[in-house]
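Model the full structure from these sequences, guided by the hints.
4 protein chains.
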Amino acid sequence: MGSTYGKIFKIATFGESHGVGIGVVIEGCPAGVGFDTDFIQSELTRRKPGQSRITTQRREADEFEVLSGVFEGKTTGTPIAMIIRNEDQRSKDYSHIAAQYRPSHADYTYQEKYGVRDYRGGGRSSARETAARVAAGALAKLLLADLGVRVQAYVSQVGKLKLSKEYAQLDLSLTETNAVRCPEPEMAGQMFDYIDEVRKKGDSVGGVVNCVIQGAPVGWGEPVFDKLHAELGKAMLSINAVKGFEYGSGFAGVEMLGSEHNDAFFIDGNEKVHTRTNHSGGIQGGISNGEDIYFKVAFKPVATIMQDQESIDQHGNIAIVQGKGRHDPCVVPRAVPIVEAMAALVLADFYLRNKTSKLA
Amino acid sequence: MGSTYGKIFKIATFGESHGVGIGVVIEGCPAGVGFDTDFIQSELTRRKPGQSRITTQRREADEFEVLSGVFEGKTTGTPIAMIIRNEDQRSKDYSHIAAQYRPSHADYTYQEKYGVRDYRGGGRSSARETAARVAAGALAKLLLADLGVRVQAYVSQVGKLKLSKEYAQLDLSLTETNAVRCPEPEMAGQMFDYIDEVRKKGDSVGGVVNCVIQGAPVGWGEPVFDKLHAELGKAMLSINAVKGFEYGSGFAGVEMLGSEHNDAFFIDGNEKVHTRTNHSGGIQGGISNGEDIYFKVAFKPVATIMQDQESIDQHGNIAIVQGKGRHDPCVVPRAVPIVEAMAALVLADFYLRNKTSKLA
Amino acid sequence: MGSTYGKIFKIATFGESHGVGIGVVIEGCPAGVGFDTDFIQSELTRRKPGQSRITTQRREADEFEVLSGVFEGKTTGTPIAMIIRNEDQRSKDYSHIAAQYRPSHADYTYQEKYGVRDYRGGGRSSARETAARVAAGALAKLLLADLGVRVQAYVSQVGKLKLSKEYAQLDLSLTETNAVRCPEPEMAGQMFDYIDEVRKKGDSVGGVVNCVIQGAPVGWGEPVFDKLHAELGKAMLSINAVKGFEYGSGFAGVEMLGSEHNDAFFIDGNEKVHTRTNHSGGIQGGISNGEDIYFKVAFKPVATIMQDQESIDQHGNIAIVQGKGRHDPCVVPRAVPIVEAMAALVLADFYLRNKTSKLA
Amino acid sequence: MGSTYGKIFKIATFGESHGVGIGVVIEGCPAGVGFDTDFIQSELTRRKPGQSRITTQRREADEFEVLSGVFEGKTTGTPIAMIIRNEDQRSKDYSHIAAQYRPSHADYTYQEKYGVRDYRGGGRSSARETAARVAAGALAKLLLADLGVRVQAYVSQVGKLKLSKEYAQLDLSLTETNAVRCPEPEMAGQMFDYIDEVRKKGDSVGGVVNCVIQGAPVGWGEPVFDKLHAELGKAMLSINAVKGFEYGSGFAGVEMLGSEHNDAFFIDGNEKVHTRTNHSGGIQGGISNGEDIYFKVAFKPVATIMQDQESIDQHGNIAIVQGKGRHDPCVVPRAVPIVEAMAALVLADFYLRNKTSKLA
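Chains as they are written, first to last, in our numbering: chain D, 23 to 382; chain L, 23 to 382; chain C, 23 to 382; chain A, 23 to 382.
No wet-lab data here; the hints were simulated from the structure. Hints may contain errors.
Subject to a maximum C-alpha distance of 20 Å in a straight line, what follows is the list of computed DMTMM-like cross-link-like pairs (lysine to aspartate or glutamate) [unchecked claim]:
| id | chain 1 | residue 1 | chain 2 | residue 2 |
| --- | --- | --- | --- | --- |
| 1 | A | K380 | L | E94 |
| 2 | C | K96 | L | E134 |
| 3 | L | K184 | L | E134 |
| 4 | A | K380 | C | E134 |
Here's a subset of chain L near chain D, in silico, CB distances under 7 Å, partners left out [unchecked claim]:
| id | residue |
| --- | --- |
| 5 | S186 |
| 6 | E188 |
| 7 | L192 |
| 8 | R221 |
| 9 | K222 |
| 10 | D225 |
| 11 | K256 |
| 12 | K265 |
| 13 | F267 |
| 14 | G272 |
| 15 | Q306 |
| 16 | K380 |
Please read all numbers here as calculations on a predicted model, not as lab measurements. Backbone N, C-alpha and C fix where the C-beta goes; we use that ideal spot for every residue, glycine too.
In structure tokens form, the structure reads like this:
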């Protein structure tokens with residue numbers, strides 16, 4: 023269990039890092055969404071490995087094939103299956119860890135849970151699985167674009183290097199102009215150099231991805247357990263290497279007083295309801311209020327490093343896990359489209375769920 | 023939608039702040055769990071209002087009635103329904119906001135989403151709803167106790183007042199010895215005084231609740247979307263006023279290198295697998311690894327304050343929302359049992375889900 | 023598990039025959055449905071015991087209490103909880119079967135499945151549970167009535183006594199004019215006498231309930247697994263004592279040729295699409311086509327009889343189960359509102375699901 | 023929606039009759055099931071078109087490819103994806119019905135529901151979709167075989183030709199010895215000739231498939247809504263062309279008295295609980311009781327016939343639907359493995375669900 027997501031706009035993903043390929047079946051996508059193959063491919067390309075020297079050198083075209091659910095360029099309301107075949111597996115690279123548990127990977131927990139595991143590249147626990155999320159998320163983005171909703175993420179921190187400005191003060195159109203996906207070019211340069219330095223040492227470092235959603239109407243999200251931010255949080259925390267999530271004022275809001283934190287309502291010049299501040303992060307009572315939705319996602323340094331590490335093997339013996347293979351010294355540049363994809367999936371689902379809130 | 027939680031150990035909650043009462047139906051609880059009425063009542067009492075002068079003065083006994091699913095002191099495998107009747111509603115206290123939108127409450131979003139709302143005390147969006155979670159969570163705790171799993175939460179921060187020690191350095195048995203539920207008595211005293219000061223000003227302040235789970239076996243949590251920490255995150259973010267969640271190294275882990283962050287495996291004197299550090303927070307690949315699971319939950323200052331605030335009404339006119347009624351100047355003391363309850367519900371569900379991982 | 027039903031319009035029922043009471047939580051009912059308390063009560067009254075000498079003599083007022091989800095006479099979009107307290111339990115009537123397995127009851131299977139059971143009146147397996155379905159179904163009917171959809175069931179067979187006419191040839195307004203709920207008065211009289219005769223012998227007999235749904239628009243039902251008739255079938259088969267389900271041409275359709283069975287489309291005088299025949303039973307490809315939906319449900323003779331029967335006890339000894347207590351000699355008269363309720367629940371759910379089929 | 027089935031052993035199917043192919047993702051299959059490729063292929067071969075002159079002449083090898091979830095010959099607990107590519111589409115055969123509604127097909131309802139449809143061969147509504155069910159069901163059968171459970175279906179009726187014996191009096195090992203899949207060779211011959219005669223007239227005819235499940239332990243199935251027979255009913259009714267379902271005594275049980283119908287318990291020579299008769303069909307209170315589970319499924323004559331039929335087109339004009347293409351004059355021979363597959367999927371799911379019934 024665990025490989026399905028969503029209540030109405032639902033996805034079921036499958037595939038292992040070094041198996042035949044990975045893929046996704048999307049169920050519940052409404053009929054009539056324009057299926058823009060180029061856009062979906064471009065999103066996969068934003069996530070694919072080998073984009074620059076600060077990402078893993080695994081070579082994957084990450085081209086996808088649609089198997090169903092699309093007819094004459096539009097979704098038909100039936101399930102949409104997409105697959106991406108693995109090409110550059112090099113499974114033999116992993117024979118040395120067939121019986122070893124890599125520190126802070128899922129080797130040990132999968133072995134104990136299932137009594138068996140596909141050890142090649144982490145099998146199902148590999149972040150390669152996120153390609154399926156990006157493919158499905160791209161379709162969700164197309165649906166949202168038809169509704170005027172835009173999802174944008176960017177890197178705001180790498181190690182201790184941190185943007186001091188919030189999203190509203192940044193020009194997010196610059197995000198895709200550099201390999202780090204940080205919208206401030208100078209900071210992006212420093213981050214790139216730092217990641218490269220870490221890479222050369224065979225080490226890894228963490229980072230933060232920020233995301234902002236604009237154009238969402240009032241009413242998305244459900245009361246109590248399925249609050250919009252609760253689902254966004256789950257969706258983000260389900261991405262490999264994520265350790266934390268906060269939205270709106272987040273952890274910093276803890277130190278504020280209610281009289282400072284409350285967002286006063288007013289009517290703007292277009293007769294629209296707005297709030298003067300947005301500590302709520304666009305969500306009140308778990309439901310979107312029409313303001314920008316924004317949140318931050320913390321990624322740890324990835325566990326794969328090019329250094330030998332002490333560990334144990336399946337038989338309980340001490341073992342040295344060798345530092346070899348290919349890896350991302352810092353995942354956040356490639357995590358940007360993944361964060362966007364998961365956010366889009368959450369929103370598409372809530373859009374559909376909200377259609378049932380009122381009679382007629 | 024949104025009022026149900028869990029896949030196997032499932033709860034459906036209902037009720038409004040000023041309606042007849044609130045309650046929960048638990049489905050999927052296995053047969054044979056000892057139904058300790060006193061324990062469940064004691065958990066409700068930990069959450070109930072009016073415990074000290076730093077909590078809301080609403081008077082509710084919060085006594086529960088069991089309607090089904092228990093026979094001769096044990097669960098029977100059929101649904102367990104529990105209700106808690108509201109007693110001290112004072113609904114007339116809310117007539118002044120029948121048509122007003124209180125800042126940073128759910129009044130506006132509910133009205134827009136549903137076209138109607140029970141405005142009395144926030145209706146369904148009130149934190150009173152969490153009593154149902156605590157009742158269900160208490161049963162989950164009883165189940166977990168039979169499996170040797172213990173869930174403990176405590177207050178680690180109120181406003182800027184912050185514990186410097188982590189859970190392992192604290193004596194958590196002291197948590198319940200003070201009204202703040204902070205296990206360090208001196209800090210608890212400072213926090214109490216600070217909350218009381220905020221209360222006198224008719225204001226509110228945020229805080230942080232930490233939680234630690236001990237005794238969970240290896241194997242709880244599911245791959246990909248239903249990772250243990252992703253569900254814990256969703257469960258916590260679904261609690262009223264929560265703005266952030268982090269587990270293990272959390273946001274601080276961002277600044278670490280992989281070589282520092284990785285948790286080395288070793289075999290202890292009892293032939294058990296352990297890790298030398300626990301930046302993973304007891305979870306690897308989304309699955310518990312047998313170490314302590316720990317996380318932090320950030321609560322904003324609650325929106326209800328005893329000060330007049332500018333806002334609008336349902337007709338789009340400017341309105342002054344009056345600062346009156348009863349409120350908690352800081353929710354974290356009462357949030358401690360709620361955090362524990364939600365954690366217990368997540369764990370009970372994953373315990374049952376994990377039973378199906380292997381054949382036979 | 024098993025006590026929840028529906029994907030969007032969802033119900034969770036609870037309660038045992040001789041416990042505190044039974045009830046239901048309805049989640050996903052849209053806001054704005056008029057909550058007609060009298061109508062809901064009248065539906066419960068149609069199902070309640072003690073209506074005539076051919077139904078069980080258990081005395082239950084079956085009055086319900088609403089606990090949540092209704093404000094100023096309308097549903098609010100939040101969960102609606104209703105409970106019906108048990109009054110005439112006479113649990114001591116069941117002490118003689120505490121350790122015995124009654125033939126063709128659920129005593130043995132519950133005991134084996136759960137290791138424990140509430141033996142009083144069959145506990146959760148009692149048909150008393152269906153009161154909760156009727157309460158929820160009544161609300162679904164109110165929703166459907168707003169959409170112009172009418173659900174009507176009636177008794178078409180008791181033992182070998184069988185109506186020869188189909189629904190279109192009958193005056194269904196006569197259904198409620200007699201205790202059997204058969205719309206043909208003369209046949210109803212014969213059925214009544216036959217059931218009474220069976221009752222005097224301490225025996226029971228089976229019957230068939232037919233149901234017709236009029237006014238459903240085109241588009242309800244989902245492809246593949248959640249076909250409208252598949253869900254109707256499941257819903258009916260989930261009612262106590264049901265052994266079979268058929269819709270449209272049913273089992274008799276097996277003997278027809280395709281050229282006879284196919285329903286030709288035509289455009290009627292109002293420019294509406296219709297079919298000349300309706301062997302499809304109003305459903306094509308699992309989706310309603312705008313014609314009348316009709317189906318039949320077979321009920322076995324109930325297992326409780328007033329005769330001594332050979333059986334075994336929990337310890338594997340031979341035991342004589344005594345024929346005592348109260349029972350329905352034939353369930354179909356009281357099953358009529360239950361069949362309608364389950365049909366209404368299925369339809370309300372598909373109405374809401376269908377709202378998400380198309381973009382915008 | 024509608025293309026997923028199951029709660030724990032879950033499948034998501036996809037694909038259209040004349041698209042790239044069809045497939046399935048199985049989630050929740052426990053780790054450690056031997057993945058017997060040959061067996062799965064042999065099940066697909068039992069269902070594939072072109073087996074004899076009484077089945078459709080569409081030529082499909084129906085060979086499947088596994089994409090994930092299997093490692094070193096065993097399931098790993100992660101999702102198993104299988105695809106079957108379409109080869110003999112002849113989509114141009116369908117251009118004549120691009121704008122026409124074939125009688126008793128899903129053309130009209132899909133068009134109205136989705137505003138668009140893949141008209142080629144019925145698109146998603148085609149029975150070709152059942153190949154995905156058979157692939158998934160084959161894996162479920164492998165799982166069940168490890169538990170000693172056997173699922174066997176056979177043809178008991180074609181048109182008016184009907185076996186007079188019940189399953190216990192038949193030699194089911196003869197089922198696969200003839201093209202009709204009727205275990206009585208003489209009757210099989212008559213059925214074959216009759217179907218062939220119908221075929222020559224360009225017509226179609228209905229039939230009945232019986233199924234028996236042996237070796238299921240006590241305890242499978244859930245109370246109330248998810249009764250074992252209710253899920254079996256839904257699963258069968260979801261198969262294309264099915265019009266009715268009955269289990270145990272079925273519709274005939276209606277005419278029996280309770281004193282005849284009740285199944286008396288006794289203890290056999292091996293100290294095992296049994297019933298002297300089995301009108302219950304192996305299920306009591308919705309839960310398997312250890313006896314044989316048996317049921318019947320009614321199939322209508324398929325809608326595709328080789329005769330011209332009057333109908334309408336999408337624009338509301340009268341149209342003559344031409345009788346051309348390829349079709350099965352009677353679906354029941356090929357439905358046998360589909361019925362078995364769906365039964366196996368239901369049972370595998372309940373096996374896993376039952377693992378959570380009791381504590382520890």
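So, going through the hints one by one against the coordinates:
1. A:K380 / L:E94: Distance ~16 Å between K380 (chain A) and E94 (chain L) Cα, so the pair holds.
2. C:K96 / L:E134: holds, 16 Å
3. L:K184 / L:E134: With a Cα-Cα distance of about 39 Å, the restraint between K184 (chain L) and E134 (chain L) is violated, given a limit of 20 Å.
4. A:K380 / C:E134: Roughly 10 Å separates the two Cα atoms, so the pair holds.
5. S186: violated, 16 Å
6. E188: Violated - the Cβ of E188 (chain L) stays beyond 7 Å from chain D, reaching only about 15 Å at its closest.
7. L192: violated, 19 Å
8. R221: Violated - the Cβ of R221 (chain L) stays beyond 7 Å from chain D, reaching only about 11 Å at its closest.
9. K222: violated, 13 Å
10. D225: This hint holds: D225 (chain L) lies near chain D, its Cβ roughly 5 Å from the closest one there, short of 7 Å.
11. K256: Holds, about 4 Å.
12. K265: holds, 5 Å
13. F267: holds, 6 Å
14. G272: Holds, because the Cβ-Cβ distance from G272 (chain L) to chain D comes to roughly 5 Å (cut-off 7 Å).
15. Q306: Interface hint status for Q306 (chain L): holds (5 Å vs cutoff 7 Å).
16. K380: holds, 5 Å
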